[in-house]
Amino acid sequence: MSDAAILSAPARRRGASGEAITAWALGLPAVLAYLVLLLLPTLAAILLAFTDYELGAPAFAWIGLGNFTELLGDRGFAQALRNTIFYVAVVTPGSILGALAIALLIEAGTRGRTLFRAVFFLPVVSLTVAMASAWQYLLHPSIGPLNAVLRQVGIAGPAWLSSSDTVMWSLAAIGIWENLGFNLVLFLAGLTAIPRELYAAAEVDGAPSAWERFRLVTWPMLGPTTLFVLTITMIRSVRVFDTVKVLTQGGPNKASEVLLHAMYLEGFTYFRLGYSAAITLVFLAIVLALMWLQTRVLDKRVHYG
Amino acid sequence: MTESVTGIVVENATRNFAGQQVLKGVSLAVAAGEFVALVGPSGCGKSTLMRLIAGIDRPDSGRILINGRDVTTLRPAARDVAMVFQSYALYPHLTVAENIAVPLAMRRMSAAQRLPLLGRFWPGSQARRRGIREEVGSAALALGLGSLLDRRPAQLSGGQRQRVALARAIVRHPAAFLMDEPLSNLDAALRVHTRREIVEIHRRAGAATLYVTHDQAEALTMADRVAVMQAGQILQVASPRAIYADPDDLRVATFIGSPRINTLPAEIDGHGLARVAGFPTGVRLCGAERVTGAATLALRPEDLFLADGGIPATAEGLEFLGESLLLHARHVGTGTALVLRLPPELVPDLPPGSRVTLGFDPGRALLFDAQGRRLRDTAVVPEPSLV
Amino acid sequence: MVERENSLLRDMPRLLVLSLLGLLLLMPYIWMVAASLKPADEIFRASLSLIPERLAIAENYGRVFELVPVGRYLLNGVIVCGGILAFQLIFAIPAGYALAKLNFRGRELAFGAVMLGLLVPPHVPALPLYAGFSQLGLLDTYTALIAPSTISVFAIFLFRQFFKSLPDDLIHAARLDGMSEMAIVWRVVLPNAWPAATAFAIFSVVAHWNDLFWPLIVVNTPEHATPALGVLFFRTTEGDDDFGALMAAAVVMTAPLVIAFLLAQRRFVEGIATTGLKG
Numbered sequence: 001m002s003d004a005a006i007l008s009a010p011a012r013r014r015g016a017s018g019e020a021i022t023a024w025a026l027g028l029p030a031v032l033a034y035l036v037l038l039l040l041p042t043l044a045a046i047l048l049a050f051t052d053y054e055l056g057a058p059a060f061a062w063i064g065l066g067n068f069t070e071l072l073g074d075r076g077f078a079q080a081l082r083n084t085i086f087y088v089a090v091v092t093p094g095s096i097l098g099a100l101a102i103a104l105l106i107e108a109g110t111r112g113r114t115l116f117r118a119v120f121f122l123p124v125v126s127l128t129v130a131m132a133s134a135w136q137y138l139l140h141p142s143i144g145p146l147n148a149v150l151r152q153v154g155i156a157g158p159a160w161l162s163s164s165d166t167v168m169w170s171l172a173a174i175g176i177w178e179n180l181g182f183n184l185v186l187f188l189a190g191l192t193a194i195p196r197e198l199y200a201a202a203e204v205d206g207a208p209s210a211w212e213r214f215r216l217v218t219w220p221m222l223g224p225t226t227l228f229v230l231t232i233t234m235i236r237s238v239r240v241f242d243t244v245k246v247l248t249q250g251g252p253n254k255a256s257e258v259l260l261h262a263m264y265l266e267g268f269t270y271f272r273l274g275y276s277a278a279i280t281l282v283f284l285a286i287v288l289a290l291m292w293l294q295t296r297v298l299d300k301r302v303h304y305g
Numbered sequence: 001m002t003e004s005v006t007g008i009v010v011e012n013a014t015r016n017f018a019g020q021q022v023l024k025g026v027s028l029a030v031a032a033g034e035f036v037a038l039v040g041p042s043g044c045g046k047s048t049l050m051r052l053i054a055g056i057d058r059p060d061s062g063r064i065l066i067n068g069r070d071v072t073t074l075r076p077a078a079r080d081v082a083m084v085f086q087s088y089a090l091y092p093h094l095t096v097a098e099n100i101a102v103p104l105a106m107r108r109m110s111a112a113q114r115l116p117l118l119g120r121f122w123p124g125s126q127a128r129r130r131g132i133r134e135e136v137g138s139a140a141l142a143l144g145l146g147s148l149l150d151r152r153p154a155q156l157s158g159g160q161r162q163r164v165a166l167a168r169a170i171v172r173h174p175a176a177f178l179m180d181e182p183l184s185n186l187d188a189a190l191r192v193h194t195r196r197e198i199v200e201i202h203r204r205a206g207a208a209t210l211y212v213t214h215d216q217a218e219a220l221t222m223a224d225r226v227a228v229m230q231a232g233q234i235l236q237v238a239s240p241r242a243i244y245a246d247p248d249d250l251r252v253a254t255f256i257g258s259p260r261i262n263t264l265p266a267e268i269d270g271h272g273l274a275r276v277a278g279f280p281t282g283v284r285l286c287g288a289e290r291v292t293g294a295a296t297l298a299l300r301p302e303d304l305f306l307a308d309g310g311i312p313a314t315a316e317g318l319e320f321l322g323e324s325l326l327l328h329a330r331h332v333g334t335g336t337a338l339v340l341r342l343p344p345e346l347v348p349d350l351p352p353g354s355r356v357t358l359g360f361d362p363g364r365a366l367l368f369d370a371q372g373r374r375l376r377d378t379a380v381v382p383e384p385s386l387v
Numbered sequence: 001m002v003e004r005e006n007s008l009l010r011d012m013p014r015l016l017v018l019s020l021l022g023l024l025l026l027m028p029y030i031w032m033v034a035a036s037l038k039p040a041d042e043i044f045r046a047s048l049s050l051i052p053e054r055l056a057i058a059e060n061y062g063r064v065f066e067l068v069p070v071g072r073y074l075l076n077g078v079i080v081c082g083g084i085l086a087f088q089l090i091f092a093i094p095a096g097y098a099l100a101k102l103n104f105r106g107r108e109l110a111f112g113a114v115m116l117g118l119l120v121p122p123h124v125p126a127l128p129l130y131a132g133f134s135q136l137g138l139l140d141t142y143t144a145l146i147a148p149s150t151i152s153v154f155a156i157f158l159f160r161q162f163f164k165s166l167p168d169d170l171i172h173a174a175r176l177d178g179m180s181e182m183a184i185v186w187r188v189v190l191p192n193a194w195p196a197a198t199a200f201a202i203f204s205v206v207a208h209w210n211d212l213f214w215p216l217i218v219v220n221t222p223e224h225a226t227p228a229l230g231v232l233f234f235r236t237t238e239g240d241d242d243f244g245a246l247m248a249a250a251v252v253m254t255a256p257l258v259i260a261f262l263l264a265q266r267r268f269v270e271g272i273a274t275t276g277l278k279g
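The listed protein sequences correspond, in order, to chains A, B and C. Going by my numbering, the first sequence opens with residue 1, and the numbers climb by one from there. Going by my numbering, the second sequence opens with residue 1, and the numbers climb by one from there. Going by my numbering, the third sequence opens with residue 1, and the numbers climb by one from there.
The following block holds chain A by itself, in its conformation from the complex (with noise of 0.2 Å):
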C-alpha cells in the first residue's frame, strides 16, 4: 500500500493538475452563465439601489442613500411591507399547523395515504394564475358561491377582494390553501423518519396519552422539519405576488400592496429602476434575515448533536 503510494506520487501530482482542467473545464459553462446572469446582474442590482436610474433616461447620476429616505417617506411602501409582514404572519403559522395536523392525521392509519396527501398537494403542482380566476369566482361577491352560501343561512358576505377589510385576510387564506400541501409532505417525510422504536420506549417509559407520547417522541424528532419548514414557507410568503397581480393589482387603494408588486410596479411599469432596486434590496434583506435565523439561532435548538 504504502510502496503504491510512493511509487505514485509524481503520477499522482500530474493527475492531479489535469483534475483541476477537467474541473474547470467541465464547470465553465455554469461558471460563465453564473457570473453573467446571477452575479452581475445582482451586483448591478445593488449598485442600482443607489442611483436615480431610469429606463430610458439618457443619463442617472448616483444619489446615495437616497433612494432609501425616499422609502421612508413613502406611505405606499410602508403599506406594502405592513401587508407583506401580515400576510407572512397569517400564511406561516396557518399552514404549518395546518399541515402538521393533517400530516398526523394522515400518518395516524394506512388507509387513503396516497390518496389523500394527492389531493392535499394538488395546489402545489397547479397553475396558480388559473387558480387564482377559481379563487376569483369563489370569492367573488355577488356571483360567487361562498356568499352564495353565507346568503343562504342569512349573512350578506363582504365584497371578499375588493374591500380593504378583508382583502389581506382573503390572499391570506388562498397563501394557506396553496402552501398546505407542500408543508404536509415535509411533514410526512419528517414523521416516516421518525424510529419506530421511540414510540415503543415511550409506551413502555409510561407515557400514558397519544398527546404524551407527541410531546415526548414526535415534537422533539420533527425539530428539525418544523424548523426547515418554518423558514421555507417564510421566504415562500414573502415572494407573494401572482395572486397580488392576479387579483388586486395591489388595491384597492394600496390596501394589498405587497413588496415584489410595489418593486413590480416601480420597476417595470413606471421604470423607475433605482427606486424599484430599493424595493428589491429591503425585500433581499429580509430573506437574507430569515435565513440567518434559521443558521444562527434556531438550527442550535433542534439538532441534538
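In case anyone wonders, no lab produced these hints; they're calculated from the structure. As the structure is a computational prediction, the values presented were derived from the model and not from experiment. Treat the hints with caution; some may be incorrect.
Stretch-level coverage of chain C by chain A, calculated; a stretch enters the list once three of its residues show a Cβ under 8 Å from a Cβ in chain A [claimed, not checked]: (1) 156-163; (2) 204-218.
Listing some non-contacts, in silico: residues in chain B with all C-beta distances to chain A over 10 Å [claimed, not checked]: (3) R63; (4) F85; (5) L190; (6) T263; (7) E323.
Short derived list, chain C residues pointing at chain A, Cβ under 7 Å [unchecked claim]: (8) F133; (9) P167; (10) V188.
Just so it is clear, CB atoms sit at the ideal spot from N, CA and C, and this is done for glycine as well.
Given the coordinates of chain A, work out where chains B and C should sit on it, guided by the hints.
Quick look at chains B and C alone, frame taken from chain A:
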C-alpha cells in the same frame, strides 16, 4: 398451569400478520430472578413474542401474566416491564439524566407537574423531582455513567448509549426485564465485555429477564436457560449444557453449535440398529421407541476423530483456528459433508483428496427420527462394528 | 402505538375528517370545473347547484380556443420549460460532479459562490437583466424567457450533494479501467445522475410552468406568452365578467401539469419534497 407465580408467563400466544402465523401458540415461563435467552434465526418470531410481553403489540389469542397478574390487555405502562431496545431508542433531545428519568417522571408526576417550565412550581413537584434525581443518580452510578449525565445521546459512544438504555430500564426496578438484541450494535470486543455486565445487572436486580438474541454464543454464555425458537414455535427450553449436548429436536441440534453438527442420513433396521449407507454404526434403538426406516445420526465436530478402519471419507481442506483445527471431509458412502474439530498436533498433512477414515464414540451420537424428533432410548452395541 | 390494522369502523372518524378537509381544499377545483360547464346566466344566478342545468361546454371552451391561441401558450410553456431544464442540466451536472469529486484549486471558493447564489431569490437580478435584454433588443423572445433561469445554483448544489454520495471507489475503478475524465462523466456519472435529475426536472418544470413574474416582465405579446401569462391575457381581453369562459381557460391551462401529477403522483411528491429547498 402457573406454578411460578412470579416472573413472566406466556400461555399459548398466537399472532398473525397479514394472514401469516408468526407465533403458533407459544408458551414460556421465566421465573423471578431467572435469565432466559430466547434464541432463533431472524424472522422466527422472537421479537414479536417480546413485543407481546412488553405490550407494544397484543396477541390474537393466549395470555400473558406478569407476577401472576393477567396483563394481556394492559397498556405497556401498566405492566411493570422495562425494555432495552436493539437501537437503544434513547430520546435524542434529552440528556442522559433526563432519558433515565423518563420512566419515573411518567409514573410519578402528573401532566401538570411535568410541564417544561411551569411544572416546577406545581405543588409537590419539587420533592418528587428531588427523589427522581437521586434514583437517576444511583442508576447512573451503577452503570458508570456518573460523569455523562449532562450529555446528549449523540455525544456518546455506542457502548455508553447502551448503558444509558440499561440504566433507563433498571431505574424503576421492574418485575420483568426485556432485552431485544441489546448487544447487536456493539463491536465484537465490547460485546463480550458487556455480556458479563448485563448478567451482573440481572443478578443485582433479581427480576425475570428475557433476552432475545440471534447469537447463540450470547445465549449459551449468559442465560440460566435457553429457549430455541424457530418458525413461530419454541422447540426446547433447557439449560445451555442440555441444549447443546442433549437437544430434543434435530432443528435445535443443527441451530446450536458452530460449526454445525454433522448429520448423516441413517436407516433403522428391524433390530433397532442404526445404519449409515448400509453399515452398522454401533448405535441401537431400544425400549418403547420402536421406529424403523429413515433417521438421522448427528455428531458434533468434536465427537469425530481420525481412526483406522472407520468411516471412509475424502479430506477436502483444513482450517487452522489456533487451539483447534477443522477438517472438512466428505463421507464416501452418502456424499455428506462432514466437519471434524481436532487437536492441531494430531493432524498429519492432508492434501485435498486424500482418503481418511473416521471414528466416533457411539455413546455420543444423537439419533433423530424422520420428523427430526430425538430418539433418546439408545444403547451402544457392545462390539463396535463400525462401517 | 399498537401496530395493527385498525378496524374500518374505528378508522372512520379519521377518514371522515380527512375527507372533509380534502373536500374543502378541492373547492376551488370543483367550482372551477362546474363553472366552466355552465352558461353565463346560470353563473349569474349564483345557484349553489354544481351540476349545470344546461351544459355550455362548447360555448365556454369554444370561446377560449377562439379568443386566445391556447395551443400557442401551451407550446410556449413546453418550449420554455424544456429549454430551461435542458440548460440547467447541461450546466449543473458537470459542475456538480467537479465540485463533488474532483480536487482543484478554488473548489472551496466555487462552492462558496454556489452557496451565496442560493441566498439570492430570482427577483433580485431581475431589474438589471431586464435592462440588459432591453438594451440588446431581446425583449419578447424565447431567449429572454429562458436565459436567466439557465443557471440554477440550486441544481449545482443538489447534484454536488448527490454525487458526493456516490462511492469514490466507483470513480477510482473507472480510472483504473483506463477511462478519461470526460469518459467518466459521460459513462459513469451521467447514468448515475438519473434519480437526482428526475427529481430536479419535476421541481424545475413545476416552478417555471407556474412562474408569472419573469414572463410578465419580458413578454407582452401572445406570441411568446407562457400558460400563466396566457390566463392573464385572457382576463384582460375578456374582462372579468365571463366567468364561464375564464374558468374554462383556467381548466385548460392547469390541466397538463395536474394530469402529469396524477399519473406520476409519487415521483412528483418525492421530487418536490427532496428538492424542496427552493420554490
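Would the non-interface assignment of B/F85 survive a Cβ cutoff of 10 Å against chain A? 5 Å, violated
Test the statement that B/L190 is away from the interface with chain A: the closest C-beta pair must be farther apart than 10 Å. Non-interface label stands for B/L190: nearest chain A Cβ at 21 Å, farther than 10 Å.
Non-interface label on B/E323, tested against every C-beta of chain A at 10 Å: 31 Å, holds
Going by Cβ atoms, does B/T263 stay more than 10 Å from chain A at every point? Given that every Cβ of chain A is farther than 10 Å from that of B/T263, nearest at about 38 Å, it holds.
Are at least 3 residues of the region 204-218 of chain C within less than 8 Å of chain A when you compare beta carbons? The restraint on the region 204-218 of chain C holds, since 7 of its residues have a Cβ under 8 Å from chain A and three suffice.
Status of the hint placing C/P167 at chain A (closest C-beta pair under 7 Å): 18 Å, violated
Tell me if chain A covers the region 156-163 of chain C under the three-residue, 8 Å CB rule, please? Coverage by chain A is violated for the region 156-163 of chain C (1 residues, Cβ < 8 Å).
A closest beta-carbon separation below 7 Å is what the hint needs, so does C/F133 meet it against chain A? 11 Å, violated
Classify the hint on C/V188 as holds or violated, based on whether any CB of chain A lies nearer than 7 Å to its CB. 13 Å, violated
Closest CB of chain A to the CB of B/R63 still more than 10 Å away: Per Cβ check, B/R63 is outside 10 Å of chain A; nearest 20 Å; holds.
Figure legend: structure checked against the earlier numbered hints; hints not met, in rising order: 1, 4, 8, 9, 10.
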